[in-house]
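> Below are the chains, spelled out letter by letter.
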Amino acid sequence: MLIMIALIFGVALVTPWLSGLLKEKAGWVLALLPLSSFIYLVSWIPEIATGGTVTQSTVWVSMDYFEVNLAFYLDGLSLMFGLIITGIGTFIVLYGNGYLHDNIYLPRFHCTNLLFMGSMLGVVLADNLISIFVFWELTSFTSYLLIGFNHEQEASRKAALQALLVTGIGGLALLAGMILMGFATGHWEVSTLLNEGDIVRNHLHYLPILLLVLGGAFTKSAQFPFHFWLPSAMAAPTPVSAYLHSATMVKAGVYILARLHPVLGSTEPWLILVGGFGLVTLLMSAWLSISFTDMKQILAYSTVMSLGTMMMLIGLGTGLAMQALVVYIFTHAMYKGALFMVAGAIDHEAGTRDVLKLGGLWSLMPISAVTAIIAALSMAGIPPLYGFIAKELLYESALEVAGWPVLFISVAVIANMAIVAASAIVVIRPFFGKQVKTPHKAHEAPFSMWIGSAVLAVLSMIFGIWPFLVDKNLMVPAASGVWGAPMNFYLSLWHGINLPLILSVVTLAGGILVYWHWDYLRDSIPMRVYQTGFAKFPVKVYENLVNGMLGLAGWQTRVLQNGLISNYLVTILIAALIGIGYTFVSRSGVILNPDFTEIYFYEWALVIAIFTSLGIILAFGHSRLTMVIGAGVVGFNLALIYLIHGAADLAMTQVMVETLTVILVVLVLIHVPQLQATRNLISQSRDAFVAVASGLLMTLLIYTATSTPLDMFISEFYAEASYPLAHGRNIVNVILVDFRALDTMGEVVVMSVAGIAVYALIKMTRTGSAKNRSEKINSGKPGSAKKKSATSGSTPKGKAL
Amino acid sequence: MNGLLILPIALPLLTATLALIFRNYSSIQRWIGVAGMVAILMSVAALFRDVYVDGIQVLQLGNWEAPFGITLVGDMLSMLMLGISAIMGLIIAVYSIYDIDKEREQFGYYPLLHILLMGVNGSFLTGDIFNMYVWFEVLLVASFILLALGNSKNQLQGALKYVIINLFSSLIFLFGVAMLYSITGSLNMADLALRLPEVENVGLVTTVAMIFLIAFGIKAAIFPLFFWLPASYHTPPVAISAIFGGLLTKVGVYALIRTFTLLFTQDVGYTHTILLWIAGFTMVTGVLGAASHYEFRKILSFHIVSQIGYMIMGLAFNTKLGLMGAIFYVLHNILAKSNLFLISGIAQRLTGTFELKQMGGLYKHYPFLAVLFLISAFALAGFPPLSGFWAKLSLVKAGLSIEAYVITAVAILVGLLTLFSMTKIWMSAFWGPVPEKGVPDHFGKMPLFGPGNLYIMVLPVMAIAGLIILIGLVAQPLLEVCLIAAEQLLNPSVYIEAVLGAQ
Amino acid sequence: MFEIIAGICLILGGFFMFVAAVGILRLPDILMRMHASTKAGTLGIGLILLAVAFTYAEIGIVSRAVATIIFVLMTAPVAAHTIGRAAYYHGIKFWKGTIVDDLKSYYERSRKAGLSSGNHPDPH
Amino acid sequence: MKIFLFNIILAMIWMAVTATFSFGNLLIGMIIGYFVLLVVGSTIDQSGYTRKVWKAAILIIFFLKELFVSSVRVAKDVLRPGFRMESGVVAIPLDVTSDFEIMLLANMISLTPGTLSLEVSEDRKELFIHAMYIDEGVDHVRESIKNGLEQYIMEVTR
Amino acid sequence: MEALLPVIAGSIFAAGVYLLLKKGLITTIIGIMLISNSVNLALFSLGRVTRENPPLVANGELIPATPFANPLPQALILTAIVIGFGLLAFVLALAYRSYKELGTVDQDTLLKDPEDTSKAIVNVTNDNRGKINR
Amino acid sequence: MNFFSIAIIVVYVFLSLSLLISLVRMIIGPTPPDRVVALDLIAFVVMGYIATYSISSGHPVYLDVAIALALIAFFGTVAFARYIFLRASQRREDQHV
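Quick mapping for you: the protein sequence lines, in order, are chains C, R, P, F, S and E. Sequential numbering from 1 applies to the first sequence in the working numbering. Sequential numbering from 802 applies to the second sequence in the working numbering. Sequential numbering from 1305 applies to the third sequence in the working numbering. Sequential numbering from 1429 applies to the fourth sequence in the working numbering. Sequential numbering from 1587 applies to the fifth sequence in the working numbering. Sequential numbering from 1721 applies to the sixth sequence in the working numbering.
So here's chain C without its partners, still in its complex pose (with noise of 0.2 Å):
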């Protein structure tokens, strides 16, 4: 099986190029591998039906955190969900080929619909829950790309930008609620989990667990409250709308907790949430789907009702639901596989979809009217066709809920009834009545577009009349998949006369009556207002969600994001001055032990010079010059305290390094004019604030920190190595061209740096003259700066004497 999906998705990589070969032919030769795929599995029916499993695994990523294996697991159920996506996806490509015959993206629709082929057919046949996310991701993100295939248009963009949020969100819940179950159980495979579902059930995160699953499923298989971003992908082509939303990823979701459902379901939490959710979503979606004219609205909506009937059948958990919700998915992929095509077909002949614009099509296109009303038929749940019996099987499965059957039923009937009325709607109007004047002159529909609805509208009616065809090799063990334990089952059109059937009856004649009174429903204010509650309010929630994140986000940049370096520095040093501040006052505490004797009164005449020139620095704000002065009396006295402390060398270096400084400042002062500007009180107060809580921070700090004596082993062993084995007499230049050498290399390259730096930031100019470009240059590096300053400084004493 992981050769299949790897080479469809090889496939699926090379198409472009395939397509650029064989121009119009493509699809039919790209529709070869879906149907071989179809034919692999079908293959495998014999030992499937005996109720034999299948498992593949190839280890993707083992270790002693990560068990993701590629691991497959065929059985009933993910036999008949990967039966339905090759089978239909054999048509849907040929149909596309058909629909987009003229579309210059025709490759890129086969590549990116092949990719999604393989990823859904990954995940109803992978066994590793990670595998299965990953596949799962894969289709949000194909899809994304096929819902804005028509990427000119903003709405298509939008909608598929809807589906992918929808989804992605919905697949992330899945993953978190996947990890925790891996983590309860430990095992990762879904095939051992089948039979956990004891220990899952019982564990403390079953709830979280439960309802992310359900997240996911939910907004995959377009549920109530999510269901709005379905109607809107119905933005994209046909084919896609015909593949993806309805006949397989919809249904990811359904499979998913179908799957899971020994592992997870059969409780009083999964019967309300699923089924709740399901009856609601069946019973709203069902009423929507007539209040549009717009065929594809009206199928999207019936298609959100079916997937909440399945949700439903799932919830109930009763082995008869298995059985109706295996053979509703069956049928419901094939009815409403031919409608979309159909729909498609008169969009893509007729030029428009809306069922009032269209009439009396069935002399122009025959096949396409009878394709349709067969499947119509099926949709609407007549004998003798498929779709019947699953409705029967609905009933009666809703008739024996435990608790509230009733509630169920009625639910039941009253949303079919509408969609008896949907399918009148979507088979009468456009074929029947008289004819209409259509933008485009209608005519039957290419081969490659109509053969898949006719097949698959045939093969609801063959299945309908025998259904023992399929029900003993593809709905039982399916239906025993998803029960989670072997059953027997077969199914009959008549059951003779019985509570289902009188309900079917009183169906159809509610639909009738729907119908007959539709264009007047249609436009009933009660239509409308529940049309806007439910189709379109969803949405506007949905928009001002992002719009207000968008706001939020807005808002938060121009308050942080503001431009003003001042107020980064600000907000940079009062986080530092909290997170510094309090973990040490709270944790370490001030520790103070200076003593103040034995300072010298020439060491305090230091001081206070310091302090003063600070003083003269602070209050001197308009004049740059005294600044400048007043920092480098700061630095001469810097270099006193070092030579008092016997750094020789150190003081010399700070010496030389101010005065360069203060030399490089002031040329710079020459050239740059002073700013006049100051800032309010406030913001001054602000600063004089920090400013001097970070000193006294540091001073505090510096104090608890001397508080101890230090360990000066190191400075100890440099000083009995410095001469003996390093030949050095002065043990600070030891240290710097020997025991810590690559500082220094360090430091000479910074100090090049700078100076290929300033060269470059002076000479790329296109303003400023030569003259002071050479000033600058040299004032990079500390020699030259001082032979350049000597010769600048003393160009007008040269002229002078």
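Simulated from the structure, these hints should not be mistaken for laboratory data. Yeah, the Cβ is synthetic: ideal placement off N, Cα and C, and Gly gets one too. Wrong hints could be hidden among the right ones.
Part of the chain S face toward chain R, derived, beta carbon under 10 Å [claimed, not checked]: (1) Leu1590; (2) Leu1606; (3) Asn1639; (4) Val1643; (5) Leu1662.
Chains R, P, F, S and E: place on chain C using the hints.
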């Protein structure tokens, strides 16, 4: 003792000098630049082999045994960082051949690039905290000038903020080093790791940890300290912002990981909780900032911030899995992020702007570029089966495994928002219709490969995209080495023993 | 013997330093102050360096001290000159005791002659 | 000038003889060499080297004296309350011409009593100095400088 | 004296920070100058360099006369000072340059975060665009 | 307490006083040149300090620092003077054109 350890520092210096000599012969200079990168890559590969085979490698410079001399230490983390930086260096060097103009080349672009790499490698390799300060300064000064090189208004505006704030941060760093020295009397990190636990005043050590958190935090652009990054990273030529966005901030992250696993493990309950909070805020603010902008590179810059949050989160978990996730995330993020920057460069060459609102039609005319973008963007958003997925997976797993549900939820949601702003770029620049006016006349006509030599820019992008996919599909080896690195980090005694010899 | 001389030199040097300081504090206008700082300052530092030379009567130190003294003697007046000129150019308030200012008239003349521009490199 | 080199060579020889190479020893060598030249000078010496050196020595001594005196005077004035001097900027006509001479003069003026050189006229004819004590009148200041420093300098340089 | 060093360092730091936050670019740079001075002094005082013999090995000795001043911090500060000087020189050049380009040194008005940067890049890379068009 | 050590103390007294006094001049200004002069003198005083300390501490090494200061302070002063000069002439030109 492994002499190879000096090569990643020495080779760039050598290349830089050579390139400086030939700075007026741009073609020679280019090839020197590329060749130097290849040499570095090879030396790193050799080193990697040694570390992988026989554990942590150590070089005592000048044969002064630790802690008296300066020690170069190569453990798995350093090796991974070195490797990725070498790869990025090579990619950028090739990309620059087309992207960097003559004038910049003449003013020492390639030498500076190599000096930058030298600083980065030095800080990855050094085992001495003060030496790390020196290397930080080296890479800082190189980055300063690379940022300002060209003297356009925007560059200078960005550079001033970047320079001032980073100068301040390195001064804080220096003060932190001084504090460390004064409470332990040592500078060698392994020796510090031995001595710090013996300090009576644990609170003081925690305070020092905070100082380092601030200092490195500014460099790594974490939550309240990141402002300089979105203000500057989108101003220089694309090649430069690519290597900045990819590599530089990660140096800060590396320093954080190193110090907070090796040195400051006394009061984990306190420090790492703070880290966790910071991580959360960083993720959210960054991604929101990205959501609110419509300039290609500004969006990417904000995303850098938000993804730093993920790495910090992994560090804050302080579990094997978390650290592994963090390291893997760093590697993957460097690739994806730089690649997006490079793509933005190509897009700008084609459409003539970085403003999303004025871009469009790239998907129509340059599908291959679109594919490359999709790969990088969805890797960034953590989509399977790309490299980002494994990072996200391991981080989420790590979070859930220690029941840190809130932060994990935040991380997941931020991932979704990342996806959102990536699609924002995609939908306007690629899917969007071609704008009526303001499109250069060569748009749509100039092929990616062929006349126009655009392929020099495309090939590196392809290479990285290939790496991303490769890592995604064959994640096992990289995950394993990341795990080894995490194990080494969580068990400092190995490191200490390798440096100081058996105690 | 040397000790005594050194001591005397020290005291004198310190004293002249002090004089210089008081001078720049007390004297009425900047040029006068510069008289004080230049002369007394130079002498003071010279004497102190001399004292160093006498204290360590080693040839190396003596030569260094002497070299420094010579250097100071060479630079101090130049510095004074530049500052003085700059100060004058910057415009100074002469104190009441100032009776003559030839330079002023000279500048007037030279500006009329348009020479001043050549004399003063124009800043940017 | 070559005679000066000769002096240096002598000093070198001295250093070689005493086998101690240091700045101080070089100085001593120079002095000894100078005296040697002073003795045998007149025979090989045309450029009046020895005389000039002698004058230079005198100049230096004179200068040092002036410096000391001026400092003392400044000290007096500074420490005495109130100021009784009169000051001003005085122009001094120059006889010396070469840059070197002018610089020497200016510097020395700056270091000698109550005078501080400010500016030199474009045509090198005038030197403007700030004088502290022109109580006896401007001319006296001019005289003292022309007869004092300038004389000595010219003796050395001419 | 040692007891006073922390106070001095702290106050210089405070002054530096205050200047750092001011409007004018040059003022900010002077602030950085002061801050780096103060940090060096802090390192000095944290290194317990006390009033003792300089760390020199006298002629004929093998080890310096004890007690000698702690040499290691001195070496570190030396490195730090020089590096700081290099960076400061660069910053000064940068300030000069940005004044020439942007025409002011008022950080609040000239240093807004730049928005669209493509124009600059395009201008700078004219030669390459020529290559593209041909 | 011989004459020499007294002399040293006296010198320190003188130097400290001069330092503070020149600071006063630096504060009261009033013009930049005054401050520059003060700085110049302070540099001298610091040199004096260093020289004296190299005597009192008995380590002649420190003399080198004094020399360095002598060499370099000069340039600083000149730079300041140049700045003042240029600014002044700038102002004058503004006035006279």
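> If a hint holds in the structure, say so; if it doesn't, say that too.
Each hint, compared with the structure:
no. : hint    : in the structure
1   : Leu1590 : 17 Å, violated
2   : Leu1606 : 7 Å, holds
3   : Asn1639 : 20 Å, violated
4   : Val1643 : 17 Å, violated
5   : Leu1662 : 6 Å, holds
Hints 1, 3, 4, counting from the list given before, are not met by this structure.
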